[in-house]
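Taking the hints into account, I'd like the entire structure generated from these sequences.
Chains as they are written, first to last, in this note's numbering: chain F, 675 to 923; chain G, 257 to 473.
None of these hints come from the bench; they were simulated from the model.
Note that the coordinates shown come from a computational prediction; the quantities given were computed from them, not determined experimentally.
Think of the CB as a built atom: it goes at the ideal place given N, C-alpha and C, for glycine as much as any other residue.
Be careful, since some hints might not be right.
Covered, in the sense of this in silico footprint (three residues per stretch, anywhere, with C-beta under 8 Å from a C-beta of chain F), are these stretches of chain G [to be verified]:
(1) 259-267
(2) 278-292
(3) 345-351
(4) 425-434
Straight-line Cα separation of at most 30 Å, DSS-like style, residue types lysine-lysine; simulated pairs [to be verified]:
(5) F/680 / G/342
(6) F/766 / G/347
(7) G/342 / F/676
(8) F/721 / F/680
(9) F/879 / G/342
Among chain G residues calculated to face chain F with C-beta under 7 Å, some are [unchecked claim]:
(10) 331
(11) 335
(12) 339
(13) 340
(14) 341
(15) 356
(16) 357
(17) 358
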Amino acid sequence: MKLTLKIWRQANSKVKGKLFEYSISDVSPDMSFLEMMDVLNEELIQKGDDPIAFDHDCREGICGMCSMFINGQAHGPDRLVTTCQLHMRKFKDGDTITIEPFRANAFPVIKDLVVDRSSFERIQQAGGFISINTSGNTQDANSIPIEKNDADDAFDAATCIGCGACVASCKNASAMLFVSAKVSQYALLPQGKVEATNRVLNMVKQMDEEGFGNCTNTGACEVECPKGISLENIARMNREYLGASIKSK
Amino acid sequence: MISSSVSRKITMAISGLFLVIFLAQHFTINITSVFSEKTFNELSHFMGTNPLVQFVLQPILIFGVVYHFLMGFYLEIINRSSRNIKYSFYKGSSNSSWMSRNMIISGLVILSFLGLHFYDFWFPEIDYKYLKILPENPERYYEELVHKFNNPIRVVLYVISFVFLALHLLHGFDSAFQSIGVNNKYSIAIKKGTTIFSLIIPLGFVFIALFHYLNHG
Chain F
675 MKLTLKIWRQ ANSKVKGKLF EYSISDVSPD MSFLEMMDVL NEELIQKGDD PIAFDHDCRE
735 GICGMCSMFI NGQAHGPDRL VTTCQLHMRK FKDGDTITIE PFRANAFPVI KDLVVDRSSF
795 ERIQQAGGFI SINTSGNTQD ANSIPIEKND ADDAFDAATC IGCGACVASC KNASAMLFVS
855 AKVSQYALLP QGKVEATNRV LNMVKQMDEE GFGNCTNTGA CEVECPKGIS LENIARMNRE
915 YLGASIKSK
Chain G
257 MISSSVSRKI TMAISGLFLV IFLAQHFTIN ITSVFSEKTF NELSHFMGTN PLVQFVLQPI
317 LIFGVVYHFL MGFYLEIINR SSRNIKYSFY KGSSNSSWMS RNMIISGLVI LSFLGLHFYD
377 FWFPEIDYKY LKILPENPER YYEELVHKFN NPIRVVLYVI SFVFLALHLL HGFDSAFQSI
437 GVNNKYSIAI KKGTTIFSLI IPLGFVFIAL FHYLNHG
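Given below as structure tokens:
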């Protein structure tokens, strides 16, 4: 396949970026999208040009590092995949592909297609944990009875890899799907109940401080999420928040 | 409490649900004008003169309307400013409905309509009752209604507004349940019910406007 790529280039967070056009040929339909980017970068390096910076790590849809906005969609046109799981067979010979970084004020561009998603880390640090005694007396989680549906829902929420596709896809750059998944995975389990009140209040507070937008229930996040995190989690977070607001001192 | 994004969302939903209830009540009274002049006059007279409606429910309604649109504008400003550099290619239609992405547009049309509607009915009513303090005539309401729908331009503006009301409700009514935390086994039934309401009520208002224009215009 021969493709035309329009790729966002930006030297660093201080300068303005813009789209640059590249042509690439001999692209195999069996390549992953990141492999195609690797080939392009090889060509750029051989020409003495600066290769395109993009995030990647596991390349098997687990780590949540890859983060491109491809032809108007986070992680490209396929469903339930990350960019590393997207294959070039999803495109046609002669296609023009526009590649931009995930855009949100809370995700500033570091370079080219690499964005700083440490705002997610700070939200996690605000309450996305349980305080347990790790001195050797920790209770075996398997000995705590948990209703099957709750365990399944908690696991579904915990599959969120924190890639930020929800933020990138949302017209408001809202992070509520991510935060609600993290709130839900603890709220559904007995271990998480002890700190539930402060957790949801603190995580939402941090989310707002990071400059994410408000959720308007467009549902774009759920559709674009590579892990299929459901909007049910946002409804659960809203209930948790309402209850916590009333209970908190 | 409304300092956080979640609480703003919840209050937006509650005010919206309140306005939906008002809409259903307004429609119920208006549709009687198609079947019975007498019933319409009686109901309108009751609503226009009952102290509980006039001095308790009406101020609550005005607060609900003002809160809903002021918060809507505020949220729109915050949301737009949360992404300073826009995408050069954003394919919103691939993952969300036009209605859900453009609530501000349908909302602005409804707000403009409210201006016209107040000019047509509410301001003259306030003038009649509280400024000129004219003697109450329980028979006047039907004539006032019919008179307004003589004008084809007004009828067209009303019909356009009701179309946008339907678009606003198609996303907003169902979305309000999600905002207050209702997303469960009943959600499919809620979605169907809110969709039917969102189509029936605005189309019913269109019918009323066209009925009076065609029969009395």
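Which of the numbered hints above does this structure break? 2, 17
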